[in-house]
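*Asks:* Working from the sequences, and respecting the hints, build out all of it.
2 protein chains.
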Amino acid sequence: MKEQQLNKILGKAQDICNHSGGRLTSKRKGILELMLLSNVPLSAYEVTDKYNKSTGSSMAAMSVYRILDFLETEQLVHKLSSTNKYVACSHIACSHTHEIPQFLICGKCQSVKEIAIAKRIADELEQEVANAGYKLVNSQLELQCICEKCS
Amino acid sequence: MKEQQLNKILGKAQDICNHSGGRLTSKRKGILELMLLSNVPLSAYEVTDKYNKSTGSSMAAMSVYRILDFLETEQLVHKLSSTNKYVACSHIACSHTHEIPQFLICGKCQSVKEIAIAKRIADELEQEVANAGYKLVNSQLELQCICEKCS
DNA sequence: AACAGCAATGATATGATATATCAGCAAGAT
DNA sequence: ATCTTGCTGATATATCATATCATTGCTGTT
Ligand SMILES: [Zn+2]
Ligand SMILES: [Zn+2]
Ligand SMILES: [Zn+2]
Ligand SMILES: [Zn+2]
Chain A
1 MKEQQLNKIL GKAQDICNHS GGRLTSKRKG ILELMLLSNV PLSAYEVTDK
51 YNKSTGSSMA AMSVYRILDF LETEQLVHKL SSTNKYVACS HIACSHTHEI
101 PQFLICGKCQ SVKEIAIAKR IADELEQEVA NAGYKLVNSQ LELQCICEKC
151 S
Chain B
1 MKEQQLNKIL GKAQDICNHS GGRLTSKRKG ILELMLLSNV PLSAYEVTDK
51 YNKSTGSSMA AMSVYRILDF LETEQLVHKL SSTNKYVACS HIACSHTHEI
101 PQFLICGKCQ SVKEIAIAKR IADELEQEVA NAGYKLVNSQ LELQCICEKC
151 S
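Those protein sequence lines, which keep their order, are chains A and B. Residues in the first sequence are numbered from 1 upward in steps of one, following this note's numbering. Residues in the second sequence are numbered from 1 upward in steps of one, following this note's numbering.
Don't read these hints as lab results, they were simulated from the structure. Every value quoted in this text rests on a predicted model; they were computed, and no experiment measured them. All C-beta atoms, glycine included, are put in the ideal place defined by N, C-alpha and C. Among the hints, a few may not be true.
Unchecked claim - Sample of chain A residues with no beta-carbon within 10 Å of chain B, all distances over it, derived:
no.	residue
1	7
2	17
3	25
4	26
5	33
6	50
7	52
8	65
9	82
10	94
11	110
12	128
As the list claims (entries may be wrong) - Using 27 Å as the maximum straight-line C-alpha spacing, the simulated BS3-like pairs for lysine-lysine come out as follows:
no.	chain 1	residue 1	chain 2	residue 2
13	A	79	B	85
14	B	79	A	79
15	B	85	A	113
16	A	85	A	27
17	B	135	A	85
18	B	29	A	108
As the list claims (entries may be wrong) - Partial list, derived from the structure: chain B residues whose beta carbon lies under 7 Å from chain A:
no.	residue
19	5
20	39
21	82
22	107
23	110
24	115
25	124
26	132
27	134
28	146
29	150
*Replies:* Below, the structure is given as structure tokens:
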């Protein structure tokens, strides 16, 4: 990722936090930047190691969990429940609202592509859920795939 | 669940294992039965406790993990990655092939309903994945919902 | 500037989930 | 009967996540 692009995203992240009243502190920003620069999802402990190595600090995993929770609340990162790893949102700098995220996870190289689910599919899914007597609250789809490179 | 119904399912499970060459041992069968009788998903450790209490044995969690893995391979149980819990398949006694499972998980009472995703939606999803340059391998959808009773 | 209030982080402990590994055993095949 | 393979026991360890209380550092008020 180009530095210019990165700065744009970080700027937008700042805006999002300002708007919500959250504080994008330097640690939170550092973690977010690290996530943005990673091309694979990272576990909380991997984030901790990376952060500590790259900054020479010694933040505890506990703090990283808190920061990841914060970033998740702001929808700046997402947690993949199928792998217990975290990934930066691909749509931070986009202007559209954040739809149901759909993650395509490569089973070989672990790379992840976040796409927004088509409205039509989302509607149909919700309809199916309603037919079963349930009310859809909030979900993300995590699809096990093979990416172009690996296939 | 009626005992007759339970026996039918266990018989079908036996058939499935025979067909695949796996052995539905008494322990495996005991775990499966326990899962079938539970109306909420259970963690591996919860399964361990239940099994040990109901049989007076002292199986280690390690063995339960192995058994759950086996049952999962045979598609007799599924693992919900969003909650790290296991649930018996709802379609064991059905004759149709096992489609992409779609789990509706109630956020209040934890009950789970497993429905088969509509073919049309599955196709559309696969098409979306293909458009993104990925190839869908094998997925299940876990949707966070509120069930009828709880809403 | 002093203070109060609240948000963020530090520090430590513990709990929950999952895998690795090697040894012993049981069932079916030759 | 011996062999092979798959199943289970037993123990250790790795990985993921939360609980709790103390401390620090903003921010807005007096
Ligand atoms: Zn996103
Ligand atoms: Zn790949
Ligand atoms: Zn099923
Ligand atoms: Zn419910």
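*Asks:* If a hint holds in the structure, say so; if it doesn't, say that too.
*Replies:* Here is how each hint holds up against the structure:
1. 7: holds, 27 Å
2. 17: About 25 Å separates residue 17 of chain A from the closest Cβ of chain B, which puts it past 10 Å; holds.
3. 25: holds, 29 Å
4. 26: holds, 32 Å
5. 33: Holds, since 26 Å exceeds 10 Å.
6. 50: At roughly 24 Å from the nearest Cβ of chain B, residue 50 of chain A sits farther out than 10 Å, so the non-interface label holds.
7. 52: holds, 27 Å
8. 65: holds, 16 Å
9. 82: Check fails; 4 Å does not lie beyond 10 Å.
10. 94: holds, 16 Å
11. 110: holds, 13 Å
12. 128: Non-interface label on residue 128 of chain A violated, nearest chain B Cβ at 6 Å vs cutoff 10 Å.
13. A:79 to B:85: Measuring from Cα to Cα gives roughly 17 Å; hence the hint holds.
14. B:79 to A:79: holds, 18 Å
15. B:85 to A:113: holds, 26 Å
16. A:85 to A:27: Answer holds: residue 85 of chain A to residue 27 of chain A is near 19 Å, not above 27 Å.
17. B:135 to A:85: holds, 21 Å
18. B:29 to A:108: violated, 33 Å
19. 5: For residue 5 of chain B, the interface hint is violated, since the closest Cβ of chain A sits about 20 Å away, which is over 7 Å.
20. 39: Hint on residue 39 of chain B: violated, closest Cβ of chain A at ~15 Å, above 7 Å.
21. 82: holds, 4 Å
22. 107: Since the shortest Cβ distance to chain A is 6 Å, the answer is holds.
23. 110: Because about 13 Å separates residue 110 of chain B from the closest Cβ in chain A, which is outside the 7 Å limit, the hint is violated.
24. 115: holds, 6 Å
25. 124: holds, 5 Å
26. 132: holds, 5 Å
27. 134: Holds, about 4 Å.
28. 146: holds, 5 Å
29. 150: Violated - the Cβ of residue 150 of chain B stays beyond 7 Å from chain A, reaching only about 9 Å at its closest.
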